[in-house]
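Engineer: Here's the letter readout for the chains.
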Amino acid sequence: MEQLTSNVVVQPVDKAKIRGIWRVALILAIVTAIEYAFAFAMDAGMLRTVIFIGLTIVKAWFIVSEFMHLGHEVKGLIYSIILPMMFIIWLIVALVNLEGGAIKEARGVVDVDQPATEHVGGEEH
Amino acid sequence: MATTATVNKRSLWGGGIEPFKASYGKLMMWFFLLSDAFTFSGLLITYAFLRWSAPAYTGDPETFTFSTQYWPIPEKVYEAFPGLHGVEAPLYFVGLMTFILILSSVTMVLAVEAGQRMDKKGVVKWMLWTVIGGFAFLGCQAWEWSHFIHGTDIATIGDVVKNGIWMDNYEIIGANLSFNQYGPPTFAALFFFITGFHGFHVFSGVFINVIIFFNAANGMYERRGHYEMVEKVGLYWHFVDLVWVFVFTFFYLI
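Line by line, the protein sequences give chains A and B.
Each residue of the first sequence is one higher than the one before, counting from 1 in the working numbering.
Each residue of the second sequence is one higher than the one before, counting from 1001 in the working numbering.
Honestly, the hints are just simulated from the structure, not real lab data.
Possibly wrong hints are sitting among the right ones.
What the hints assert, rightly or not - Dumping the calculated SDA-like pairs for lysine to any residue here, alpha-carbon to alpha-carbon at most 25 Å:
(1) A:75 x B:1149
(2) B:1076 x B:1189
(3) B:1076 x B:1198
(4) A:17 x B:1189
(5) B:1076 x B:1149
(6) B:1076 x B:1054
(7) B:1076 x B:1174
(8) B:1076 x B:1142
(9) B:1121 x A:10
(10) B:1026 x A:30
(11) B:1120 x B:1218
(12) B:1076 x A:30
(13) A:75 x B:1229
(14) B:1076 x A:48
(15) A:75 x B:1099
(16) B:1125 x A:85
(17) A:75 x B:1232
(18) B:1232 x B:1192
What the hints assert, rightly or not - If you want the ones that stay clear, here's a sample from chain B, every Cβ over 12 Å from chain A, calculated:
(19) 1049
(20) 1053
(21) 1074
(22) 1210
(23) 1248
Note that beta-carbon positions come from the ideal geometry of N, C-alpha and C, so glycine has one too.
Work the whole structure out from these sequences, hints included.
Structural biologist: Right, here's the structure in full:
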């Protein structure tokens, strides 16, 4: 239902709000920088993986609650989005950590510490 | 209808009451994004599951070389930068991509903010920046895919099945859906599927953003009296950024 409004009043800029937006952007940039620091300074391992996922969730929280404005919606809406996602995280932990490791063990997959060189000799195929 | 604002007793079943105090469009966008998040979760679960059940490289990272026998170290795969051939720049380019996408998310928030103030000029300006950011990201991704597909200078030796023929000690350069020089076949397949699916989301987002940009510039939302379309599309665009945050962690960091 479009109606012609010839005199649209542009409201003035709320400086504090704009500053808030840039502050969130700065936080996201800093968290990413911290992730980089860990990527270069720390050896790969379970602890580093947990740190990365933790920092990712921090970033996701800022994007969802501030940029997507979910933090300022009513409680019902917040829970209807957050609760299903929490079940998904449960699924991720179960599938990745437990199942992935179990399948690896069941298959007898062994880790490699140096690549095997080319096949020696030429078996006929 | 202009009279609805003056009606005091609204029937609960007669419409006019917004669940969760959000408009229909916004609410549906939220639930669509939730379902889309499930899709991406499925893809990332698949990635992590296959990765955790694949053989890992346990040797010294300094002497790491590509092999089809174990999962590669991501820093060693993504270390190219446009114009810097042969220079090791681990994760620099993907860092730039992340930066571009976060910035375009910020400009989108600023467009939404301008829309709430009925500031047409502001909406048009910030939507344009968002579109530019989206194109920049897509350009970066095109370059990254191209580099990934064409490969590096040094071939990886491995056994592959090419065009239905088994080949021993084949010199693999680059990547396709069947085999790749970086690691097990699933590595490149997952790269193509997951970054491709995300890239397609970015592409759709840019497309929608362009439409919104033109609508706003033509004064459609000013005539309508509100800029809610910008908010709805903004939700989608932030979601694309959100997914990239996760793809970045799972693919490039871990």
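Engineer: Now tell me, hint by hint, if it's right for this structure.
Structural biologist: Hints versus structure:
Distance hint between residue 75 (chain A) and residue 1149 (chain B) is unfulfilled; the C-alpha atoms sit about 47 Å from each other, more than 25 Å. Note on residue 1076 (chain B) and residue 1189 (chain B): the hinted pairing holds, with a Cα-Cα distance of about 18 Å set against a maximum of 25 Å. Pair hint residue 1076 (chain B) plus residue 1198 (chain B) holds up; C-alpha atoms about 22 Å apart against a cutoff of 25 Å. With a CA separation close to 43 Å, the supplied pair residue 17 (chain A) and residue 1189 (chain B) exceeds the 25 Å bound.
For the suggested pair residue 1076 (chain B) and residue 1149 (chain B), the alpha carbons sit about 15 Å apart, so the restraint of at most 25 Å is met. Taking the CA atoms of residue 1076 (chain B) and residue 1054 (chain B), the gap is near 18 Å; set against the 25 Å cutoff, the hint holds. Distance hint between residue 1076 (chain B) and residue 1174 (chain B) is fulfilled; the C-alpha atoms sit about 14 Å from each other, no more than 25 Å. Distance check on the hinted pair: residue 1076 (chain B) and residue 1142 (chain B) sit about 19 Å apart at the alpha-carbon level, within 25 Å; holds.
For the given pair, residue 1121 (chain B) sits about 10 Å from residue 10 (chain A) by alpha-carbon distance, which is consistent with the 25 Å threshold. Restraint check: the Cα-Cα separation between residue 1026 (chain B) and residue 30 (chain A) comes to about 30 Å, which exceeds 25 Å; the hinted pair is violated. For the hint pairing residue 1120 (chain B) with residue 1218 (chain B), the CA-to-CA distance comes to about 10 Å; that is within 25 Å, so the pair holds. For the hint linking residue 1076 (chain B) to residue 30 (chain A), the alpha-carbon distance of about 24 Å falls within 25 Å, and the restraint holds.
For a cut-off of 25 Å, the pair hint linking residue 75 (chain A) to residue 1229 (chain B) stands: about 23 Å separates their Cα positions. Between residue 1076 (chain B) and residue 48 (chain A) the alpha-carbon distance is near 17 Å, which keeps this suggested pair within the 25 Å criterion. Our distance criterion of 25 Å between C-alpha atoms is broken by residue 75 (chain A) and residue 1099 (chain B), whose separation comes to about 32 Å. Simply put, residue 1125 (chain B) and residue 85 (chain A) have alpha-carbon atoms about 34 Å apart, too far for the 25 Å limit, and the pair is violated.
Distance restraint check for residue 75 (chain A) and residue 1232 (chain B): the Cα-Cα separation of roughly 19 Å lies within the 25 Å cut-off, and the hinted pair is therefore satisfied. For the given pair, residue 1232 (chain B) sits about 29 Å from residue 1192 (chain B) by alpha-carbon distance, which is inconsistent with the 25 Å threshold. The non-interface label for residue 1049 (chain B) is inconsistent with chain A: the shortest C-beta to C-beta separation is roughly 5 Å, within 12 Å. Non-interface status of residue 1053 (chain B) relative to chain A is broken: a Cβ of that chain comes within 12 Å, the nearest being about 4 Å off.
Its beta-carbon lying about 9 Å from the closest one in chain A, residue 1074 (chain B) breaks the requirement of being farther than 12 Å from that chain. Every C-beta of chain A lies more than 12 Å from that of residue 1210 (chain B), the closest at about 20 Å, which supports listing it as non-interface. Not every C-beta of chain A lies more than 12 Å from that of residue 1248 (chain B), the closest at about 8 Å, which undercuts listing it as non-interface.
In this structure, the earlier hints numbered 1, 4, 10, 15, 16, 18, 19, 20, 21, 23 are contradicted, and the remaining ones agree with it.
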